Amino acid sequence: MRGVFDIVGPVMIGPSSSHTAGAVRLGLMAGKILGERAVKAGIQLHGSFARTGQGHGTDKALLAGIMGFLPDDERIRDAQALALQQGLEYSFQTVNFGDVHPNTVLLHLVGVSGRIVSVGGASIGGGNILITKINGYAVELTGEYPALLVLHRDRPGVILQVAGILARRGLNVAFMRVSRQARGQESLMIMEMDEALPAAVVDECCSYADIEQAMAIPAI
Amino acid sequence: MMTEFNTLAELMAQAAERKLPPYELVIRREMETRAVSRAAVWSAMQKNWRVMQAAMAKGLRSEERSLSGLTGGDAKRIFSRRQQGFLGEAALTAAARAVAVSEVNAAMGRIVACPTAGSCGIVPAVLQTAAEQRGSHEDEIVAALFMAAGIGMVVEQNACIAGAAGGCQAECGTAAGMAAGALVQLAGGAPPVICEGVALAMKNLLGLACDPVAGLVEVPCVKRNGFVAVHAMVAADMALAGVCSVIPVDEVIGAMQEIGRLMPAALRETAAGGLAVTPTAQAAARRIFGKSSCS
Chain A
138 MRGVFDIVGP VMIGPSSSHT AGAVRLGLMA GKILGERAVK AGIQLHGSFA RTGQGHGTDK
198 ALLAGIMGFL PDDERIRDAQ ALALQQGLEY SFQTVNFGDV HPNTVLLHLV GVSGRIVSVG
258 GASIGGGNIL ITKINGYAVE LTGEYPALLV LHRDRPGVIL QVAGILARRG LNVAFMRVSR
318 QARGQESLMI MEMDEALPAA VVDECCSYAD IEQAMAIPAI
Chain B
283 MMTEFNTLAE LMAQAAERKL PPYELVIRRE METRAVSRAA VWSAMQKNWR VMQAAMAKGL
343 RSEERSLSGL TGGDAKRIFS RRQQGFLGEA ALTAAARAVA VSEVNAAMGR IVACPTAGSC
403 GIVPAVLQTA AEQRGSHEDE IVAALFMAAG IGMVVEQNAC IAGAAGGCQA ECGTAAGMAA
463 GALVQLAGGA PPVICEGVAL AMKNLLGLAC DPVAGLVEVP CVKRNGFVAV HAMVAADMAL
523 AGVCSVIPVD EVIGAMQEIG RLMPAALRET AAGGLAVTPT AQAAARRIFG KSSCS
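In the order they appear, the protein sequences are chains A and B.
Residue 138 is where the first sequence starts when you use my numbering, and the numbers rise one by one after that.
Residue 283 is where the second sequence starts when you use my numbering, and the numbers rise one by one after that.
Hints are all accurate, no fakes.
Capping the alpha-carbon separation at 20 Å, the derived lysine to aspartate or glutamate pairs in EDC-like fashion look like this: (1) B:340 <-> A:210; (2) B:329 <-> A:210; (3) A:270 <-> A:281; (4) B:340 <-> A:209; (5) A:169 <-> A:349.
Label pairs and their in silico Cβ distance ranges: (6) B:318 <-> A:277: 26 to 36 Å; (7) A:231 <-> B:525: 46 to 56 Å; (8) B:314 <-> A:261: 20 to 30 Å; (9) B:366 <-> A:217: 34 to 44 Å; (10) B:368 <-> A:174: 49 to 59 Å; (11) A:230 <-> B:548: 26 to 36 Å; (12) A:231 <-> B:472: 50 to 60 Å.
Honestly, the hints are just simulated from the structure, not real lab data.
Note that the coordinates shown come from a computational prediction; the quantities given were computed from them, not determined experimentally.
Using N, Cα and C, we set each Cβ at its ideal position, and we do this for glycine too.
Make the full structure from the sequences, and use the hints.
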């Protein structure tokens, strides 16, 4: 059974939990994955997001999320003007990704330091989201749990290294997934955690030779 | 003992057994499942109530149109007629407030989904209006909101609250049940009377289609919030007058689920049937989305 505040709640900016509140959360996740202020956003909208997005303010909601606004922030309606003020250049494009969820978006973000990420996901109803792609890797991330993302070489023992770092700190893994481009190539490990991740975890992951990059994404 | 209930009959039986008001069990279940204090749960609901109040006040003042231009300004119109209407002042005030919240939602303002964004005006409108009539303390309203939440939780568990799953009977129908039950509690009705109010309110909206123009949460949703607020007040008054639903509330919820299952997809929030495919609606959709999508 759902909780009290799933029924009387959430507090949100209208008009639609899926097309507005969920869109803010998708933008928010993409922004957190970028990990720095975005200066450029190329946003590809699929299906219902493309067709009815304008009437639902989906475009404003995505930009607001990228800028770090929460789903109940009254500045969402002015997100386009605020984006330009903050030096966030954006463009929207209608695309057809084929047989995916009707409320799907792919966000290409460039950060202030030049860092680039692409994050794809869908708003799956009631303001809930599912991130399905990060930099081309298939993932499943809901934003409900803090997550550790580790980009590493596909080699025996890397999972154990990361698991060891977490175990030594008593941090529990709730869900885990590993995906790779090809055998022996670059690979992505995602762990959704029961507790927030201390910054030292990321630093320690990066000290291993086979780990290229690690990132802690807070729950949203 | 963990607090758990799957039907309204179970909730009411446990309340009687533990000699507690049913809303208190709703609070305790939340405290237990999330391991938080009663004060935290209570103050979170109090915050939601204040957001609801702010939305009502804003919507009654505003004449702002929605992004699509389809709705806006009607709350103020209804409110200005509250003393001349066929209905009494309370009913028209509640209708105006429900439309007000819904208009704020359509214009990208801040609301509390209750149970959804499309049905967000009904519960706050009837509670604010009844509380003014009765001089209720804020604590009584917050308690009534917990009762409303408990009703919605049971409906979500045994049927659905999304228009895409069960049509508008699942959104505004559930809100009507939540509102009627909350009103009966506010008036001091006993737990079985709360159930009668919920059953009467939900039964009369069974089969309601979700066929929004251009797929937006505006037509017929905004004005429907006003209608359904009054509908919930009638159901609460019937229950308090001693009217009983022949079909018990949990069976009504089961019937809603069954009807939702039988309902064609065209009438479940897809904008592929009903009002959404009328010539006027299709022209409106072309006007709204004909402009470059998401400029």
